[in-house]
Amino acid sequence: MDTTSGIFLVLDLTGTFAFALSGALTAIKVVRLDIVGVVTLGMLTALGGGVIRDVMLHALPPATFDDWRYLAVAASGGLVAFLFGRGLDRWAMPIVVLDAAGLSLFAVSGALKGLELGAGSAQAVLLGAITAVGGGTLRDVLIGRIPAVLTSGLYAIPALAGATVLVAAEGLGVPELPAAVGGAVVCFVIRMLGVHYDIDAPGPPGFRPAAS
Amino acid sequence: MDTTSGIFLVLDLTGTFAFALSGALTAIKVVRLDIVGVVTLGMLTALGGGVIRDVMLHALPPATFDDWRYLAVAASGGLVAFLFGRGLDRWAMPIVVLDAAGLSLFAVSGALKGLELGAGSAQAVLLGAITAVGGGTLRDVLIGRIPAVLTSGLYAIPALAGATVLVAAEGLGVPELPAAVGGAVVCFVIRMLGVHYDIDAPGPPGFRPAAS
Amino acid sequence: MDTTSGIFLVLDLTGTFAFALSGALTAIKVVRLDIVGVVTLGMLTALGGGVIRDVMLHALPPATFDDWRYLAVAASGGLVAFLFGRGLDRWAMPIVVLDAAGLSLFAVSGALKGLELGAGSAQAVLLGAITAVGGGTLRDVLIGRIPAVLTSGLYAIPALAGATVLVAAEGLGVPELPAAVGGAVVCFVIRMLGVHYDIDAPGPPGFRPAAS
Numbered sequence: 001m002d003t004t005s006g007i008f009l010v011l012d013l014t015g016t017f018a019f020a021l022s023g024a025l026t027a028i029k030v031v032r033l034d035i036v037g038v039v040t041l042g043m044l045t046a047l048g049g050g051v052i053r054d055v056m057l058h059a060l061p062p063a064t065f066d067d068w069r070y071l072a073v074a075a076s077g078g079l080v081a082f083l084f085g086r087g088l089d090r091w092a093m094p095i096v097v098l099d100a101a102g103l104s105l106f107a108v109s110g111a112l113k114g115l116e117l118g119a120g121s122a123q124a125v126l127l128g129a130i131t132a133v134g135g136g137t138l139r140d141v142l143i144g145r146i147p148a149v150l151t152s153g154l155y156a157i158p159a160l161a162g163a164t165v166l167v168a169a170e171g172l173g174v175p176e177l178p179a180a181v182g183g184a185v186v187c188f189v190i191r192m193l194g195v196h197y198d199i200d201a202p203g204p205p206g207f208r209p210a211a212s
Numbered sequence: 001m002d003t004t005s006g007i008f009l010v011l012d013l014t015g016t017f018a019f020a021l022s023g024a025l026t027a028i029k030v031v032r033l034d035i036v037g038v039v040t041l042g043m044l045t046a047l048g049g050g051v052i053r054d055v056m057l058h059a060l061p062p063a064t065f066d067d068w069r070y071l072a073v074a075a076s077g078g079l080v081a082f083l084f085g086r087g088l089d090r091w092a093m094p095i096v097v098l099d100a101a102g103l104s105l106f107a108v109s110g111a112l113k114g115l116e117l118g119a120g121s122a123q124a125v126l127l128g129a130i131t132a133v134g135g136g137t138l139r140d141v142l143i144g145r146i147p148a149v150l151t152s153g154l155y156a157i158p159a160l161a162g163a164t165v166l167v168a169a170e171g172l173g174v175p176e177l178p179a180a181v182g183g184a185v186v187c188f189v190i191r192m193l194g195v196h197y198d199i200d201a202p203g204p205p206g207f208r209p210a211a212s
Numbered sequence: 001m002d003t004t005s006g007i008f009l010v011l012d013l014t015g016t017f018a019f020a021l022s023g024a025l026t027a028i029k030v031v032r033l034d035i036v037g038v039v040t041l042g043m044l045t046a047l048g049g050g051v052i053r054d055v056m057l058h059a060l061p062p063a064t065f066d067d068w069r070y071l072a073v074a075a076s077g078g079l080v081a082f083l084f085g086r087g088l089d090r091w092a093m094p095i096v097v098l099d100a101a102g103l104s105l106f107a108v109s110g111a112l113k114g115l116e117l118g119a120g121s122a123q124a125v126l127l128g129a130i131t132a133v134g135g136g137t138l139r140d141v142l143i144g145r146i147p148a149v150l151t152s153g154l155y156a157i158p159a160l161a162g163a164t165v166l167v168a169a170e171g172l173g174v175p176e177l178p179a180a181v182g183g184a185v186v187c188f189v190i191r192m193l194g195v196h197y198d199i200d201a202p203g204p205p206g207f208r209p210a211a212s
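Chains as they are written, first to last, in full-length UniProt numbering: chain A, 1 to 212; chain B, 1 to 212; chain C, 1 to 212.
Hints should not be assumed to be uniformly reliable.
Any copy will do: because identical chains look the same in the list, a pair fits if it lies in one copy or spans two.
To be verified - Taking lysine to any residue pairs in the SDA-like style, the calculated list, with each CA pair at most 20 Å apart, reads:
no., residue 1, residue 2
1, K113, V195
2, K29, H58
3, K29, F188
4, K29, P202
5, K29, I146
6, K113, I146
Because the hints were derived from the structure by calculation, they are not lab data.
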């Protein structure tokens, strides 16, 4: 049990760092920001999804805000992006991989926390997806961009799939660790396949929007 | 009592479906979205106002998130908009009517929930309006549009009027059902008159904004 | 104790009025709004930061929403901006001063409330800054502007500095009133120096964003 918690903490903090880094780098590319803006957006990307989840679950104050390790790791990710933003720009692929890892870890840990606090199955799946995509969505709103999750590629779907695998596995009595690993792997693989083959989720049939 | 609850549930779910449908259709017209984006924005329009209300009232987890019927009805509305978006575009007027119905039902049910949970009169009126316009405002923020409630036509005012009628009637000892029907009718009539005569709320006196 | 509370209430309501006024005026300059939009954005600027703080602290329902005096003062500020927006435009400097006063008072009162409700030091500093800049950030998101706190001048930094002074002084056993005054003065002075000398927080080293 203690070992499992330790593994989850390491994975969760890794996801937090990855999201802070990729979130801050995305923001730098779109808007001219000062140091406060870069670090703020990095922290918001990394911690925002968890805060929304905890509000919905009534698990307040939010765990990621209450625990200084999450704050420190998220701030570090934002600071690294601020200091080495130019250099990191060339590491596009590692950042996509780290972001996909963050997505997978948060989808699974969000759904798990939902189940632990008594949410229904559908709610737990939604909470996993909200945890995974919520922070990036808040960042996109602040920098004036249509959130990527609404328009582009496979981003919410792998998170929903990974959370569904976890919830289904728990329902079938699979122990927590293999269920979590299975959900995270499913999310990660779908996400990376989407990136590699540039797959988009289907758009409305025969419908062209006025502006795009 | 049980019958009243049943009536409210039917009306509330009708409002949820109407908002999910009209919210998703509005989003499709403005931004190119995939299926995840359309359904997400439909659900957010239908459920977002209630979630904000429940956070303000400390009624967590939010009722509309906790009850699978709201989630299912909201997702269905978004899905119908996704599948039949082109066809529904010709049904502009029924959608305006449904949206006005949602506005009226949510203004009244939001104010009522505020009173039941001990909020003051002014707070209950504001909660009614927040429930009614909150979801559409979140949707507009996500698709990069100035929220309609801030700039155009009579939208917040009918919601405030309907909620005020309900709160005043309850204060005068009117039973719940006629008070709710009265408030909803007032909101609906003002909203439809505003649409029909294209009435705008007054702008600042003698003031032209730099950009518009 | 009672006198201290009285002083705080007066200062807090002064900050609320200042933020409602400056927030609504900022909104009027950017977007064409009707009376509902102006008053809504004034109230959101004045009360939004406190609501976010209270959600994070699990102090629900939010104090500024529960207490009618805050609602009334915030609505008055928005209404004054709506009615006299043209005239007030010439009073640019008093508004900057009032806004800086609101920033200072909210940074200190936000951090203080965090400490009182048991938040850690780093969390209390962040809560002070969130209280101070949160409302203006929500307003900027609604009117489709990149939040000023992310991009321009010294705005978050004075709030963080003021909150840090308060938290450090409390940790050293300084009584509440001088600690609060000291924090507010530090925030106010840094903010006004930033305005006067047009100082920006540093941007990322050697990095030009694609768009700006």
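(Q) Taking the earlier hints as the rules, which of them does this structure contradict? (A) 1, 2, 3, 6
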